[in-house]
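Taken in order, these protein sequences are the chains called A and B. 3 is the number of the first residue of the first sequence in my numbering; add one for each residue after it. 3 is the number of the first residue of the second sequence in my numbering; add one for each residue after it.
These are computed hints drawn from the structure, not numbers from a lab. Don't take every hint at face value.
Derived BS3-like pairs: lysine-lysine, alpha-carbon spacing no greater than 25 Å straight-line [what the hints assert, rightly or not]:
#	chain 1	residue 1	chain 2	residue 2
1	A	Lys375	A	Lys208
2	A	Lys100	A	Lys55
3	B	Lys93	A	Lys177
4	A	Lys123	A	Lys230
5	A	Lys375	A	Lys307
6	B	Lys126	B	Lys325
7	A	Lys100	B	Lys93
8	A	Lys219	A	Lys357
9	B	Lys177	A	Lys93
10	A	Lys100	A	Lys126
11	A	Lys64	A	Lys385
12	A	Lys177	B	Lys100
If you're wondering where the values come from, they're calculated on a predicted model, not measured in any experiment.
There are 2 protein chains.
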Amino acid sequence: MNCLVGQSGGPTSVINSSLSGVIQAAFDNNFRIFGCKNGIEGLLNDNLVEFNKEKFENVNGKERLKKRPSSILGSCRFRLPDDMEDEIYVKIFDQLNKHDISIFVYIGGNDSMDTVLKLNKYMKYKGINWVNICGSPKTIDNDLMLMDHSPGFGSAAKFIVNTIVDIRKDVDIYKRKTVTIVEIMGRNAGWLAASSLLANYNRRRKIVNLVYLSEMKINKEQIIEDIKKAHEKEDNLIIVISEGFVDAKNNFKREIERSYDEGFNHPIISGMSRRLSEYIYQQLDIKTKAVELSIVQRVNHLISKTDSEEAFNLGYKSLEISKNNTNMVPVIIRELSEEYKPRYEYIESGIIANKEKIVPAEWFETQEKLERKIIEYALPLIKGEVSQDYEDGILQYISLGEIIN
Amino acid sequence: MNCLVGQSGGPTSVINSSLSGVIQAAFDNNFRIFGCKNGIEGLLNDNLVEFNKEKFENVNGKERLKKRPSSILGSCRFRLPDDMEDEIYVKIFDQLNKHDISIFVYIGGNDSMDTVLKLNKYMKYKGINWVNICGSPKTIDNDLMLMDHSPGFGSAAKFIVNTIVDIRKDVDIYKRKTVTIVEIMGRNAGWLAASSLLANYNRRRKIVNLVYLSEMKINKEQIIEDIKKAHEKEDNLIIVISEGFVDAKNNFKREIERSYDEGFNHPIISGMSRRLSEYIYQQLDIKTKAVELSIVQRVNHLISKTDSEEAFNLGYKSLEISKNNTNMVPVIIRELSEEYKPRYEYIESGIIANKEKIVPAEWFETQEKLERKIIEYALPLIKGEVSQDYEDGILQYISLGEIIN
Numbered sequence: 003m004n005c006l007v008g009q010s011g012g013p014t015s016v017i018n019s020s021l022s023g024v025i026q027a028a029f030d031n032n033f034r035i036f037g038c039k040n041g042i043e044g045l046l047n048d049n050l051v052e053f054n055k056e057k058f059e060n061v062n063g064k065e066r067l068k069k070r071p072s073s074i075l076g077s078c079r080f081r082l083p084d085d086m087e088d089e090i091y092v093k094i095f096d097q098l099n100k101h102d103i104s105i106f107v108y109i110g111g112n113d114s115m116d117t118v119l120k121l122n123k124y125m126k127y128k129g130i131n132w133v134n135i136c137g138s139p140k141t142i143d144n145d146l147m148l149m150d151h152s153p154g155f156g157s158a159a160k161f162i163v164n165t166i167v168d169i170r171k172d173v174d175i176y177k178r179k180t181v182t183i184v185e186i187m188g189r190n191a192g193w194l195a196a197s198s199l200l201a202n203y204n205r206r207r208k209i210v211n212l213v214y215l216s217e218m219k220i221n222k223e224q225i226i227e228d229i230k231k232a233h234e235k236e237d238n239l240i241i242v243i244s245e246g247f248v249d250a251k252n253n254f255k256r257e258i259e260r261s262y263d264e265g266f267n268h269p270i271i272s273g274m275s276r277r278l279s280e281y282i283y284q285q286l287d288i289k290t291k292a293v294e295l296s297i298v299q300r301v302n303h304l305i306s307k308t309d310s311e312e313a314f315n316l317g318y319k320s321l322e323i324s325k326n327n328t329n330m331v332p333v334i335i336r337e338l339s340e341e342y343k344p345r346y347e348y349i350e351s352g353i354i355a356n357k358e359k360i361v362p363a364e365w366f367e368t369q370e371k372l373e374r375k376i377i378e379y380a381l382p383l384i385k386g387e388v389s390q391d392y393e394d395g396i397l398q399y400i401s402l403g404e405i406i407n
Numbered sequence: 003m004n005c006l007v008g009q010s011g012g013p014t015s016v017i018n019s020s021l022s023g024v025i026q027a028a029f030d031n032n033f034r035i036f037g038c039k040n041g042i043e044g045l046l047n048d049n050l051v052e053f054n055k056e057k058f059e060n061v062n063g064k065e066r067l068k069k070r071p072s073s074i075l076g077s078c079r080f081r082l083p084d085d086m087e088d089e090i091y092v093k094i095f096d097q098l099n100k101h102d103i104s105i106f107v108y109i110g111g112n113d114s115m116d117t118v119l120k121l122n123k124y125m126k127y128k129g130i131n132w133v134n135i136c137g138s139p140k141t142i143d144n145d146l147m148l149m150d151h152s153p154g155f156g157s158a159a160k161f162i163v164n165t166i167v168d169i170r171k172d173v174d175i176y177k178r179k180t181v182t183i184v185e186i187m188g189r190n191a192g193w194l195a196a197s198s199l200l201a202n203y204n205r206r207r208k209i210v211n212l213v214y215l216s217e218m219k220i221n222k223e224q225i226i227e228d229i230k231k232a233h234e235k236e237d238n239l240i241i242v243i244s245e246g247f248v249d250a251k252n253n254f255k256r257e258i259e260r261s262y263d264e265g266f267n268h269p270i271i272s273g274m275s276r277r278l279s280e281y282i283y284q285q286l287d288i289k290t291k292a293v294e295l296s297i298v299q300r301v302n303h304l305i306s307k308t309d310s311e312e313a314f315n316l317g318y319k320s321l322e323i324s325k326n327n328t329n330m331v332p333v334i335i336r337e338l339s340e341e342y343k344p345r346y347e348y349i350e351s352g353i354i355a356n357k358e359k360i361v362p363a364e365w366f367e368t369q370e371k372l373e374r375k376i377i378e379y380a381l382p383l384i385k386g387e388v389s390q391d392y393e394d395g396i397l398q399y400i401s402l403g404e405i406i407n
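Start from the sequences, fold in the hints, and give me the full structure.
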C-alpha cells in the first residue's frame, strides 16, 4: 500500500514530530510512504520523495526528526476552490491515482484542514473511495477547535517562557523605572501571550507583570493605570502583548503591514509593541523598550518533550485511522485527572477547518485569574526538554536527504 | 583582607562567570569578598553584600553562576568626571576605606575600564596605596582593544548562529523569492553580525547569504545587485546586518531612537532592518521580513562553554593580579598554534578604556573572504555547550540570596 504525507501552513517546532509519527506508522504497517514537497503543490508538480525504511532506521530518523523544527518537506499556502468542478480537483486525484496512493495524511492547521475537508467533499461528490485523506493537526496558536491544545503550542510557549526568563535578567540590571514590552504571535487568539505567565510559576516575584491579549478590550488609559500601579511594587516591568492586541476604542490603529499571507489573505500584523512603547513613553516619560520575538518563537530548537511526543502520536494515529477511514483528524483531549494525561480521539475535519478557538473571556477577568488559569492549563505542556546535537557549537539537524531514496 | 567586586555596563551571558572567578579566587586566598549592587552606585549607596564561602560551596555557586546570564549584582551606567577634585572621588574612597577594601575588581567593558582608569588616576593624584583597583573585561561587541576577543562575544555569537540556523529552517518552507533581514547588535563594530557567517561552516549551502557590517560603506544600489545575484542560486535569502550599518551615501538615515543610554550618551539605534526591508520590497517587489534579535542575543541561556571558561579565568586572574598590582586588566591572547589556545596577559586599563576595535577592512573585501576570516577567527569561541537546569520546563537559575550572608 502506498501512503503520502504533506506539511502545510506555518511551521512549528514539532511539525516534524508528526511527520515522524506518520512515517513510523507507515513502516510499522509495511506500507510505502511518500512525501510531497511544499504540501499540495508538490503533489500537483509531481515533486514527491519516498522515505526509505532502512535509512530511516539507520540514522535514527524517528528521534532525529523530532528534534528538527519547521516543515522538513516544505510547506505551502494553497486554498482549494469551493467549486467542485474546478479542474484542480481532477489534477489532484489524477496525481494520487498515478502514484497509487491509498492514504494521504495532511499535517497542518485550520486552513490545511480546509484542504482535507474539500478533498473529502470532492471524493463524496465523485464517489471516490480508493483513497482515504485525513489530517494531522498543528499550530503554535493553539486556536484549533475542540482540541484541548494543539501540537506546536507547547514548544512555542516553552520558548517564550524561557526567553522571557532571560529578558527579566536583562531588564533588572539597572535601578530605574522601565517598561519592556514583549510582542508575541497570535492574531486573534492570545494563548501564546497568556502562556508567558508560566514564567511566574513558583516565583516569589513576578517575571511577567502584565499581559494584554488579542481578546481583551482595554482602554489605553487603563494600561497607563495598570503600569502606575505595578510600578509601586517593581521598577522594571515586563508587559507581554499579543500581536493582535488593540485597545478598546481602537485608538491604537492596527499597523497592518503591506504584506498579506498569500492564499489565505490573513493580514500580517506586527508593530503593536513599538506603538504601545511609544505611547507609554509619552505618557509616563520613562524608558521603554519593544521586543518582538518574531519567527524565532515558532521555529526553535528549544522543544517541549511533552509537545514533541504528542505531535508524534497524532501523526502516528493519523496514518492508523486512515487505513479504514477518511476525513478524520486525531485530536488531544485532556483526562479529568490530578496528573496531566492526554487522551486521543478522532473528529471530522470540518469541525477544525476554518475556525478559531480563543481564550475564554472569564479567564482574563483579572490578571491574577489569567495567571492561575493558564498555569493550570499550560504548565504540563511545556514540560521536558529535547536534547539537541551540536558540532563545533552549531546545531546539527537531520536532513531530508538522509532518509529518502 | 577584604575584596570588593562590581559589575557594570551592558550585560552578557557570561558576566557572572567572571564574577564566579573573582569570588573563587578570593575564597582560594582566604579573603573576604563583597559585591556592590549596581556597580559603583552600590558602593556609593552602601549597597553591599558579602559572599558566603560555605553557601557558595554548598550550592555549587561556582558552576551555577556560570550558567546564569546577565549581571547578578545589577549594573549601572555611571561616568566618573574628569575633574579629580570632584567630591565623588572622595566619597568613593571614603566608602572603600570604611569597608576596609584592599582589592576592588570592576567587571565591565570599555566604559567601565574608564572608571578603573579614573579611580587609579585619582589614587596616583592623591597618593592612595591602600587599595588596588583592577578591571575584568567583558562585552558582547568584541570591540575591546588588544584582546584577541572579549568574554561575552562567544556566547552572543553562539546564540546568533544557532538562532539563524533555526530562522533558515523557517524561511525555506515556501517556494518563492524572499529576503529575511536579521538585525544584530553592534553600533560601530560588526563582529557579531560577521559571526553569523559561522552558520555556513561545513554546509553544502549557505545559511547566511549576505552580511553588511557597521564598518562597510556600501551603496544601497549595490545591495539590490547583491540580492539579484544571490537570487540566481537561491530563493530564500538571509541577510544579516549590524544595527549600525548605514549605506555609503547615508541615504538610509539612521533611525536614531528617542532614548539615549544614560551616562555615556550612546545613541540607541535600531530599525535599520525594517528600513532595508522596506527598500528591498520597493525595489524588487518580493516578500521581505525584518527580524531584530534585540536584547535576547546578549542575555541568553545558550552559553558557549569556551566563552564561559575564559570569562571565569579572567575574573579569577583579575583578583589574583590585584593582590600586588593596581590598574591592571587581564586579557586574552591567542597562541600561534594549530589548535585554538588562549593565553592570558595583563595590560593597563587605559589601553582598553574608551576605545573600540572594529573589524579590519581587509576582512570584508569580499563576502567570501569575510566568511573565511570569521570562521577561522570565531569558530573556536562558540564551542561547547553549558547544560542548563529546568524545572517544570522552566529555566532555574541561581539567585543571589543563595550565596550571600
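Hint by hint, which ones does the structure fall short of? 4 and 7
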